[in-house]
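S.K.: Chain order of the listed sequences is V and S.
Per our numbering, the very first residue in the first sequence carries number 1; after that it's consecutive.
Per our numbering, the very first residue in the second sequence carries number 1; after that it's consecutive.
The hints are simulated quantities; they were obtained by calculation from the structure and are not laboratory data.
Since we're looking at a predicted model, the values are computed, not measured.
Cβ atoms here follow ideal geometry from the backbone N, Cα and C, with glycine treated the same way.
Treat each hint with caution, since some may be false.
Estimated spans, in silico, between C-beta atoms of each pair [as the list claims (entries may be wrong)]:
1. V/G88 / S/V229: 50 to 58 Å
2. S/L325 / V/T119: 45 to 53 Å
3. V/R29 / S/P129: 29 to 37 Å
4. S/P255 / V/G146: 33 to 41 Å
Chain V stretches covered by chain S per the calculated footprint, using a threshold of three residues with CB under 8 Å from any CB of chain S [as the list claims (entries may be wrong)]:
5. 21-29
6. 153-167
Now for the letters of each chain:
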Amino acid sequence: MSDILLSGLKIGYLALLWIFILLAVNVIRTDLFGRRVPASELPAPEPRPVKTRNRRAERTPAAPLPGRPAPASVVPARLIVTNGPQTGMAAEVDQAGTYVVIGRSPECAIVLEDDYISTRHARVVNGDQGLYLEDMGSTNGTYVNGRRISAPTSVGTEDEIRVGRTILKLEP
Amino acid sequence: MAESVVVHRKRRNVELAMVLLAQFIGLAGYALTHINLQGRLPSNMWAVSLLWFGLGLLMHIVVRWRTPYADPLILPSVLLLNGIGLAMIHRIDLIPDPPRNDVLVQLIWTGLGMLLAVLVIAVLRDHRPLQGYTYSLFLAGLVLLLLPLVPGLGVELNGARIWIRVAGFSFQPGELAKLLLTIAFASYLVDKRNALAVVGRRFLGIGFPRPRDLLPIGVMWAVSLLVLVSQSDLGTSMLFFGLFVVMLYVSTERPGWLVIGALALGAAAFAASTLHHVQVRIDAWLHPFDNFDQNLQIISAQFGFAWGGLLGRGWGLGRPGLTPLSKSDFISAAIGEELGITGLMALIMVYALFVMRGLRIALAARDDFSKLLATGLSFVFALQVFLITGGVIRLLPMTGLTTPFMSQGGTSMIVNWMIVGLLLVISHQVRKPVATSGELSIADDSTQLISVPTTEARP
Chain V
1 MSDILLSGLK IGYLALLWIF ILLAVNVIRT DLFGRRVPAS ELPAPEPRPV
51 KTRNRRAERT PAAPLPGRPA PASVVPARLI VTNGPQTGMA AEVDQAGTYV
101 VIGRSPECAI VLEDDYISTR HARVVNGDQG LYLEDMGSTN GTYVNGRRIS
151 APTSVGTEDE IRVGRTILKL EP
Chain S
1 MAESVVVHRK RRNVELAMVL LAQFIGLAGY ALTHINLQGR LPSNMWAVSL
51 LWFGLGLLMH IVVRWRTPYA DPLILPSVLL LNGIGLAMIH RIDLIPDPPR
101 NDVLVQLIWT GLGMLLAVLV IAVLRDHRPL QGYTYSLFLA GLVLLLLPLV
151 PGLGVELNGA RIWIRVAGFS FQPGELAKLL LTIAFASYLV DKRNALAVVG
201 RRFLGIGFPR PRDLLPIGVM WAVSLLVLVS QSDLGTSMLF FGLFVVMLYV
251 STERPGWLVI GALALGAAAF AASTLHHVQV RIDAWLHPFD NFDQNLQIIS
301 AQFGFAWGGL LGRGWGLGRP GLTPLSKSDF ISAAIGEELG ITGLMALIMV
351 YALFVMRGLR IALAARDDFS KLLATGLSFV FALQVFLITG GVIRLLPMTG
401 LTTPFMSQGG TSMIVNWMIV GLLLVISHQV RKPVATSGEL SIADDSTQLI
451 SVPTTEARP
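Using the sequences and the hints given, assemble the complete structure.
M.R.: Dropping the structure here:
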């Protein structure tokens, strides 16, 4: 076989190796931007045993909560992160008798990567009297409008909830 | 729809195309070897192609079936490295006069490795349960690491005691220990990272940990030193100590751990340099040409690189057989000779791509364990490639580690394929789209042991 053909094959082989790398880099480039899909099409993280939760909520006496009741005109539907590394992350809170947990644990509904947040930091409960926020024994506390809460506190759309370095709000 | 979420695409067809290209490159190496040496394609070209593409497609189908959201580049990069490794082992097989057939054994190991990767993908599915076995995995890893020291079981080859021989087969248990200890470190550090991140004292702007937190790193240091002294293996001890230090750094975000690790490693290296075996390695690294008989291997590898030059001699046209152990420890010298520095750099790039995708998985992961595990697995892989390739090109003292997916050796092959399976599972879990809303189901009535007073009853 001629020398020219042999060198051609040799160079062609090396070129193919580098073409593989260029293609791989292109795959990485196109992988940077994901696909946008409606949230409703996605599977929920885990099946919700709502029934038991509802039963407990019914059993719970509707004691008056400290603070003012949530205004009836604006019913908050979801809890959304408005400031912090995970801005935009949200969870539904409109189902009566359920709650949404905020924390670092992957089991939480809102998982925050924030060193100042406890594993299970706080929760927003949708009770009979509307929504209220409850600290779950966190290390650094939960703040509503700049004041650290020590008991379940009623919250509405105008309140600013702060945990660690993250700020959350309720949205209609 | 007002509310929408950005999710990762599956990209399985991209993976298929890349897998086919990667496998073709490996197969082309096999064909070119025969064209260059004998002037024709090998007689069993069809059978080999069918078998090789069949194995790759099987892996791809399993990924499509069980982990459809897995990273699209992991499988192609690994198949490229594995294919070129097999082709190079076959090429070196052809050098002695009655040609050897070591590649067949290596192909069987590759098949077994793929089978184990499939088992990991199909049986494990979710890597998070592994977090519960911290100390069992740690103990198992330590036992495996020290297994070659058992008299009658361990064997000493080429000055290092890192093999065991059971029923005629030899294994490198340190390779399996690599996988087990990475999982153990990851789950240990998830638990303890907050304590280990506490800064005791600041010096030169770097926060150093408290003295009482030094116990874990001290234990790892002692184990590495024990491995170094008793097995005379620089590579294994550096690999495990480096892995632990980097995972400590990643989990605590404290550069102080890196400083402590570097100091401890320096002290160990200084102490080890008095050992005869290590001294020989250091001499071969710094002054190889002073003692031709002793450093024949490393000298021959350097001549190989020089003879290969920029573009290499071409498949089958170099003389990699002159270097002892060119199929295992020195396979990158054989690549450098026949594919040139251009080819060797390409392969190092492919290793880098693999590591990069692993770190990308770690970045995208939502929970600490996945993050640390993916980081550890990619880093241990990167460190191993660095140590062995650096040894061959005389950047570092030569160590007896394997070149992942390329060098001859069964244990390394199957363990690395298991790592690939694990990374595919993690990347599937990480990239899989989930709605961000949801609620906690861990603390409902069914899981409650002690009746907790209702919220309103609290003061």
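S.K.: Each of the hints needs a verdict: does it hold here or not?
M.R.: Cross-check of the supplied hints:
no.	hint	in the structure
1	V/G88 / S/V229: 50 to 58 Å	holds, 54 Å
2	S/L325 / V/T119: 45 to 53 Å	holds, 50 Å
3	V/R29 / S/P129: 29 to 37 Å	holds, 35 Å
4	S/P255 / V/G146: 33 to 41 Å	holds, 34 Å
5	21-29	holds (count 6)
6	153-167	violated (count 0)
The structure is inconsistent with hint 6 alone, although it conforms to all the rest.
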